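Colleague: One-letter residues, chain by chain:
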Amino acid sequence: MFDDLRDLYQEVIFDHNRNPRNFYVMEDADRKVEGFNPLCGDRLTLFLKMDGDKITDASFQGSGCAISTASVSLMTDIVKGLTEAEAEALFAKFHAMTTGKEEDINLEAVGKLAVLAGVREYPARVKCATLAWHTLDAALKNEQEAISTE
Amino acid sequence: MTDFPVEKIRADFPILQEKIRNKPLVYLDNAASCQKPQQVIDSIVHCYSHEYANVHRGVHTLSVRATDRYEGAREKVQHFINAQSTKEIIFVRGATEAINLIAQTFGKANINAGDEILITAMEHHSNIVPWQMLCEQTGAVLKVAPIDLQGELIYAEFEALLSEKTKLVSVVHMSNALGTVNPVEKIIAAAKAKNIPVLLDGAQAIPHMSVDVQALDCDFYVFSGHKLYAPSGIGVLYGKQALLEAMPPYQGGGDMIRKVTFEETEYNSLPYKFEAGTPNIADVIGLGAAIDYLTEIGMDNIAAYEAELLAYATASANKIQGLRIIGDNNHKGAILSFVLDKIHPHDIGTMLDSLGIAIRAGHHCAMPVMDFFEVPATARASFAMYNTKEEIDVLMAGIEDLIKIFG
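Protein sequence lines correspond, in order, to chains A and B. Counting from 1, one number per residue, gives the positions in the first sequence under the working numbering. Counting from 1, one number per residue, gives the positions in the second sequence under the working numbering.
No wet-lab data here; the hints were simulated from the structure. Do not take every clue at face value.
What the hints assert, rightly or not - Listed next, the in silico DSBU-like pairs over lysine-lysine satisfying Cα-Cα at most 35 Å (straight line):
| # | chain 1 | residue 1 | chain 2 | residue 2 |
| --- | --- | --- | --- | --- |
| 1 | A | 80 | A | 32 |
| 2 | B | 8 | A | 112 |
| 3 | B | 342 | A | 80 |
All figures in this text were calculated on a predicted structure; none of them were measured in a lab.
Please put together the full structure from these sequences, using the hints given.
Modeller: Shown next, in the form of structure tokens:
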């Protein structure tokens, strides 16, 4: 059962879905942006604490599918300590991994995020994985408007 | 499941032989769109191979042949819903276009600032947005009759919202998100008592039950072909002749005119007044073939068989711990909308797809319904006359397995 799905639903994904990391409202956040995927109703709020151009802390709230929950959970872990430029560069690599050409994929460069590489075989689910990163992108650009994957 | 010829019917649908991810297809997304029998597919191939030309135009043989087949399909639709005349059958792209047509012609001519349009809280976006657009254009007000936690219209509240100001009641016959079948006879009677015209959105109801527009006495009835085993891109607007006669045309162009000069244009008679431009000829013929197919099986037989399927699916679903049916009532067509504890419908959809099972996961173009039940989305298994109990068993086993995996 579900053998075909092992690439998409790795154990790490189930783990983050069951126990999302950094899942709380950050009262003293410097940046707060909402992300919404109207297609499936995934909704999240991302909180960032900044020191200059460095992300010192990240958290989120919201509800979504296992892929989107795991993606935002992993992301909030991995971007802590990164500068804005480093985070944007990681987004670019993540984007390439989920939607780009085969030859542009560099699994080593994305570290733990590689567990989400399986979504590229499921076009209907790519947005679930990228919602977190589009929301981060908006937060880094300091856009106050809620962002949407559509 | 007695003597319903489901195996014979299945054999008519070539796509049901497809393997999806190396497993036999279990197609349970019929509320989104139905599959097509060979008879419908053949009718389209035959049209383009032997009888295609533009309709209502030439004197040449092919045009006459195409026109005969096109108008023949109109007669089939007329009989299928028991309309009084073919003049009352307008071909459109689908239920959505039909509602927009009514909003922009009947609506603009009859609904003014301060007037009210009454819908229900279980409408598809296609029976919400056209009215919001009309309200924006005219200053009219959209009123919404509430539903209860079982997903049924609260009829008393609906009746209380009918007033002198109500200029149109537009309600869904059967909800696509919940499966609920509205008490349309009561709704129509209450509206008639106040001389308010009634539009029924039959997109979801039409493949599941026999519809008699004269017995219902509704003023408009709209549906799409693609949910009726017919091609996509074709639908029907039924309107009472007197209402249609009084309505201004929708789009201008060829076929909808009798006489054109640069000074003035005389419009064509019904139903052509509302069919500007070259119509979707082959798909109308395909719709006619679908109606022939369904008529032979009998809509009442289909309704009885699907009621058995729904009862079986509901009983099976109720045995699964952590499964909650959204729209749990006794007045339903063959739709099972549900959520699982802590498992998002999108994950359910992907996991079932890997087993060859096609369901819909999402808001079903009924976001207000999702908001009412406080869920972001639901998983929806929707049944058709070609589905079987065995397929429901495959679905339920898949659900139980994915619950285990999510742990």
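Colleague: For every hint, state whether the structure bears it out.
Modeller: Hints versus structure:
1. Restraint check for residue 80 of chain A and residue 32 of chain A: satisfied, since their Cα atoms lie roughly 15 Å apart, inside the 35 Å limit.
2. In summary, the hint linking residue 8 of chain B to residue 112 of chain A is not supported, as the alpha carbons are separated by about 52 Å, beyond the 35 Å threshold.
3. Among the hinted pairs, residue 342 of chain B with residue 80 of chain A is consistent with the structure: their alpha-carbon atoms are about 28 Å apart, no more than 35 Å.
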